[in-house]
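Starting from the given sequences, assemble the full structure and let the hints guide the process.
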Amino acid sequence: MNDKWRLSEDAQLSIDFIIGFTIFMIAFIFVATMMSGLLVNLQSQTIDYDAVAYRTGVMLAEDPGNPYDPDNIVYWNLLDLTTHRDEVERLGLSIGRNSPAILQQAKIEKFFSWSSSLSCEANDEFCFPADYRQKLIFGDYPYNFHITLEEIESGRPWSLGAEPPNNRPYGYTRRAVLIKKPSVAPIDAIPDDTGVGINITMNIYDLVYPPTDIKPAHQVDIFQEDLIINVTGFTKDTHLQSISWFPSGSLDIPTESPTILVNEVPYQEYEKTMNLNNKNLEIRIEQGYFNREKLAGLPAIIELRLMFDVTVSDGNPLVLENIANPPLVPAVLEVKVW
Amino acid sequence: MNDSGQLYTIEGVAAAIMMVITAYMVISSASIFTPQEKHVAQMQLEQLGHDALVVMDTPGENGVQSNLSKFIASDEEEDFNQTYYKLVNQRTDGTFDTLKYNVTIYYQTDTGDIEPIDFFKKWDYHRENAVKVTQWSYITDIQVGESTEVLNDKVVLVEVLLWRD
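Chains as they are written, first to last, in the working numbering: chain R, 1 to 338; chain P, 1001 to 1165.
In silico EDC-like cross-links for lysine to aspartate or glutamate, where the CA-CA straight-line distance does not exceed 16 Å:
(1) P:Lys1086 x R:Glu153
(2) P:Lys1086 x R:Glu150
(3) R:Lys135 x R:Glu125
(4) P:Lys1086 x R:Glu151
(5) R:Lys215 x P:Asp1057
Calculated from the structure, these hints are not laboratory results. Bear in mind the structure is a predicted one, so any value in this text is a computation, not a measurement.
Right under this line is the structure:
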């Protein structure tokens, strides 16, 4: 045989090398697949849950949510969820960015109106848990959560979601907060005086841009919050004749919410024959009643006029900013995440 | 072929299996201790303690004295205790946590020295894991002759030592 055509045996892989290399590769693949398992021990789930609970607590207590635009009177809690659900980007309960741990009752009521039924999207309520995961909890992992808020003195509770299952470890955070309630303007009727009307003036400019010496926690917010005018001290037969705005026609009083409620019924349906003797007259101007479109054409000062059939006041107008005050109530906020 | 210096296949396989088993045992038994858990609990304690002080230092109405300032001004340590206890201990299900605290107030004397006052000290502190939270508060309207008169018209530092019993 001609050596020229014979294959050389030099520089060939030996069978031993093939076997050795194969075993090495198998071992290498084996170890490489276990590397991810090695990191499992680094991830502590309770710490993760605690962090999410802490973050959620901070957002609820310190963030006013989004949208939040005081200059244009646009707030997430005033949006109707049936049509504007996607515009609510972030849920937060604080009254403002610089007022941590002071929550707004109007936001709380909206936040805790939820449903887990399939028809929730058609109603003005949040879908549990999808909306909250998307707008509050965030993150790719579908965390479960339970959020509760309770006033310390009255024990009035709000709650969202179910308690964590027994023996299930969960992340926990608790915050002490204040709840800013709707402003109340208490008015004492003066039965044997000269005026048959109670007139309450409002300086619209002061209400949109409150004086800087009043802290946000004490400001009367007629846009986001209800405003309650509570007239007491009727000592003889008294009937409410009418409620109107001055200048006349500047604002209408619709039959649909948001409107003005008189003793919890819309003004248009209020029975004017009701005798107020020894009773309270509660006039509630609902949140959202005043809005940018309505305010655009108004004079700087408007007046709400309550007319009665007998004398109830000395005839002098009352200034809303001087008599109205939002109560602050201490409460506890708890977040559980698992 | 010369077979000196060659790995015999059967021994190679055996050695490889032993190495793989060793590697598996080492990796599966490795667990790393993370000491952050304690840190999270302390951070939460700090947050809650400070929240409670801020809530107490927020006046109920504009221009009115806050509860914190009022309790210190009139030396009502039991009123302080009742309010603060609920703020840090009450849970939403109506049960109570087991947080305990001591309160010290630091103020500047007329000569410029910083002096402490034990404002509230009901529980003994036995070196549990504690946090300190502070809040500046303006103290005013103290009647002449009261024990806290030295604090009148001063900004004082309210320091709470807070621990879980």
